[in-house]
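Undergrad: Letter by letter, the chains look like this.
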Amino acid sequence: MLLSVRDLKIHYKTPLGPVKAVDGISFDVPQGKVVGIVGESGCGKTTAVRSLLRVMPPVAVFAGGEVIFDGTDILKLSERRMNDLRWRDIAYIPQSAMNALDPVWRVGDQIVEVLRKRGNMSKTEARARSEDLFAMVGLEKNRLRDYPHQFSGGMRQRVSIALALALNPRLVIADEPVTALDVIIQRQVLDTFATLQREFGLSVVLVTHDISVVAYVCDFVVVMYAGKVVEKGPVRDVLTAPSHAYTIGLYNAFPELSADDDRELSPIEGGPPRLLNPPEGCRFRARCPFAIEVCKLEPPEVQVGPGHTALCHRAHEAAMLRDQARDPAVWRGVVTS
Amino acid sequence: MRYVLSRLFYSILVLWIVGTILFFMFRLMPGSPLAAFIDQTSTLEQQQALIARFGLDKSLFQQYLAFLGNLLQGDLGQSFFHRRPVMDVVLEALPNTVILTLSGLIVAYVFGVLAGAYLAWRRGTLVEGIGIPIALATRAAPEFWLGMVLLAFFSFYLGWFPAGGANTVGMEYSSDWARIFTLDFLRHLTLPMLTLAIYLQGLPLLLMRSNMIEILQEEFVTMGKMKGLSSRTIVLNHAARNAMLPVVTAFALGVGSAIGGNVVVETVFSWPGIGRLLVNAVSASDYPLAQGAFLIITAVLIGMNFIADISYRLLDPRIRLAASN
Amino acid sequence: MPQAIDTAPPKGLDLRLDRLPDLTTGKAPSGLMAEISLAAQTFVRVPRQNAYAAIGLGIYALFILAALFADQLIQYQPLEILFSDTYQLKRSLPPSADHWLGTTQGGRDIYSQLVMGTRSALAVGLTAAVCVVAIGTLVGLVSGYFGGWVDNVLMRLSDIALGIPFLPFVIVLAAFLGAAQSNIVLGIALLLWPNSARVIRSQVMTLRERAFVEAARVTGAGQWRILFVHISPNILSLSFLYTSVAVGWAILTEAAVSFLGFGPSNTVSWGYMLQDAYASQALGRGQYNWFIPPGLCIVLVVMGGFFISRGYEEVLFPKLKG
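Residue numbers (the working numbering), protein chains in the order written: chain H, 428 to 764; chain V, 4 to 328; chain G, 434 to 755.
Derived by calculation from the structure, the hints in this document are not laboratory data. Remember, it's a predicted structure, so these values are computed and weren't measured experimentally. Where a beta carbon is used, it is the ideal one built from N, C-alpha and C, also for glycine. Treat each hint with caution, since some may be false.
Unchecked claim - Label-pair restraints from in silico Cβ distances: (1) H:N526 with V:L94: 45 to 53 Å; (2) V:R244 with H:I719: 32 to 40 Å; (3) V:R244 with G:Q508: 53 to 61 Å; (4) G:Q508 with V:R126: 42 to 50 Å; (5) V:S234 with G:G717: 49 to 57 Å; (6) G:S635 with H:S579: 57 to 65 Å; (7) V:Y13 with G:A487: 44 to 52 Å; (8) V:E48 with G:A567: 50 to 58 Å; (9) V:G162 with G:L610: 40 to 48 Å.
Unchecked claim - No farther apart than 20 Å at their CA atoms in a straight line, the calculated lysine to any residue pairs in the SDA-like style are these: (10) V:K228 with H:R481; (11) H:K544 with V:A243; (12) H:K544 with V:S233.
Pulled out of the complex, with its shape left as it was, chain H reads as follows:
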């Protein structure tokens, strides 16, 4: 197991008190596998994955848990030791390369910078390697001399990939890497990325709010909601037998995943709870069509299949709930306060 996140908690300090952005999440990333983290905006996924590099805004603090990378709890490392890991062992692909690249530096120079400063390469070695990296991601080497704004969105993301792989990391965190691109380009970039992942045996944590991306490239999926992991497991199992109401709802919201072509879209009404004072018990209760009295209590993590768990009191009834969920009427008028 390359990465094990155990009960990770991250709080944001605000004048009104701590906001529990990430409230005890656990998941594993096996060597060479792609783990997708899916959830809506504000569920804590970006905060969680950025914390894996220990680069967080000053208002965010670790409030508990462990992050064990290759046998070491990186939360306990000194800043210097942690910095050694950055980019060399764990790299990051940002959502929007346009903002993530220095606009007044040539793209090639930005790759060379990382190679020389963190990879101890000479100028010639670094230049040669940057050409290789570009070739790997399908970009012409003469474009190394261009500035970020001269690339199209898809090509810029390829630059980000090249940059991330520069020092041969073992773990790559991709934070919504294709969200900002249009659908056709998304596929192309994902294909390139998947090829490289297989070729180099990279372990990947891929954050997205788009379930079809998860279906396309991931081996495992972790579903987050309101700072908690509500379901996780092998991709095929979670998508064919979703066992948490939220996952089931997501499934309904993305019809292209199902075989039924004439299934109606039924969005999940309402919005996520405020994390300053999270509600007691199950956090999805207010929007869940299947909520019952016991849901006011903290839900257990229930095993619903090999390596597949859901955080729900009614997880054992998942099959029946999935059936009921096919009717869009079930999802309307659900929201309670």
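Here the structure of chain H is known, so what remains is to put chains V and G in place on it, guided by the hints.
TA: Frame of chain H; chains V and G shown alone:
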């Protein structure tokens, strides 16, 4: 390149229009009757010659053409007071102003940029809380008053620096260059230059600070941390480089406006530059000289505006190279 | 991809939509009085939250009071030449109980001059600032809203105004038209409007495309109506910021012009005091009591303007925090 040429053409156009405005201002305003353009104490022949040269017996429009024609030949007229061509008098004074302005600005901007970047880095601390009001105070203080305070304390009281002028009276020099590269000149330059620097540093300081704060929030700064780059690398090589762009433009604009604003500093320190020349000329009703000095100052201002315009385009690759999507 | 699960409201929603005009009649439902009361409420609210605004307003309050009650605050007339009991000219006396800041080389009470100077400073400052910002706002509104050749012409005019050296121009104006404060104000108004005009212009250009303007246009509201009834209120806060800063520039300009000797000699201003001090060799005599206070007063008032502008800007136009 085409852009540069079109801006150049435009700047020349503005210069011409402003020159025209000046011409009419000096001719038509009350208190400057036409006849005053000719020194009453010169001889009749001289007066006739001047009338002919400037076409003062002709219509206003023809005078204007004569003015333009003379201007293009570099003839700005004859100074009443100095009884020499205006161009000569102005060119004597110009280097002093240029040196004073440039040295003051360079000191101001180097300090301002460093201090501004530092304040941005120390955001939310006491240093910032004190630093900003102090910077604002220097911008709120009249330049000449700063000069007066420095003069009173460092010159009259401590005696460290001379009380005015650019060189000690009575010294002789082989050439203008020789005059400038002396310790004597430097001693004379120090106080006025410091005055300028203190007054001017507020702008680059606040500008740099505000730019840096914005830039430090940008994603590519966070990315730098993720890559494991040192703070020094991130701040200097990336953040500061981005933040500097508007500062460079401001510097060019600053030269243009300081040349005109120098008037007061030159007066306080009796610095023999164009500003003081203008003030004295206006006081003495030496219209050709006043007009000539004004024109030169204007030319510098418009020229620097032009340079500021194109420098921003050249420095920012996003503007220099069109996106090739 | 249907964003079914993302139900948070989009960021940057124009919070002023709650004040959408009643589209059927083309009138804002609240009307002018409500506008004014809202502005007044905002004006008062900000200093409570923000130290800069509070301090700035405090400084201004102090000087305005000094200006209003100047006659009560001084013992002697500022231009009155004073003699001691033994008929000696009270030349350059150091500060004392009688003359809190001492006297000038010409025998005048410095403190009286200082207090009286507030009137001149505030009069010139406020008049000039209002003129500059009025012109700038008007130009910005018209230029930004109508675009086209109107915009072109106005922007060329602003280029010309920016091409004229500021202080030399005001000096020449004062020299030729006479050393009156009105001429100084004229010079300031003629050359300083482009800065505010440009900023307001770009703000108007952004607002022009906004939904509520489109809505008003669709219901047939006339262009001038849209400009003045719908767009102006959004601009006025910018104008206010500029005004508080412009007062400072105007006071500094007047001081410089007076110092150079081109200001009125029958009105006591701080610039006049400094010119008097300089010409009377106060620097050489180390008469700090004479030339420090007027300069300090200028610094305070101008800084007050900066503080007000900064304070209100922090509250009204907050930038994203780190």
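Undergrad: Now tell me if each hint is right for this structure.
TA: Structure-based check of all given hints:
1. Checked against the given bound of 45 to 53 Å, the beta carbons of H:N526 and V:L94, roughly 51 Å apart, stay inside it.
2. A hinted range of 32 to 40 Å for the beta carbons of V:R244 and H:I719 is inconsistent with their spacing of about 60 Å.
3. For the hinted restraint 53 to 61 Å between V:R244 and G:Q508, the CB-CB distance of approximately 60 Å keeps it satisfied.
4. The beta-carbon spacing between G:Q508 and V:R126, approximately 48 Å, falls within the hinted interval of 42 to 50 Å.
5. The hinted window of 49 to 57 Å between V:S234 and G:G717 holds, with their beta carbons roughly 51 Å apart.
6. Remark: the range hint 57 to 65 Å for G:S635 to H:S579 is contradicted by a beta-carbon distance near 29 Å.
7. The hint said 44 to 52 Å for the Cβ distance between V:Y13 and G:A487, and at roughly 45 Å that hint holds.
8. V:E48 and G:A567 have their C-beta atoms about 53 Å apart, which keeps the hinted 50 to 58 Å range intact.
9. A beta carbon spacing of about 43 Å between V:G162 and G:L610 agrees with the range 40 to 48 Å that was offered as a hint.
10. At roughly 9 Å between alpha-carbon atoms, V:K228 and H:R481 fall within 20 Å of each other, so this suggested pair holds.
11. For the proposed pair H:K544 and V:A243, the alpha carbon gap of about 19 Å is at most 20 Å, so the pair holds.
12. Only pairs whose Cα atoms come within 20 Å are accepted, and H:K544 paired with V:S233 is accepted, the gap being roughly 9 Å.
When held up to the earlier numbered hints, the structure conflicts with 2 and 6 and fits the remainder.
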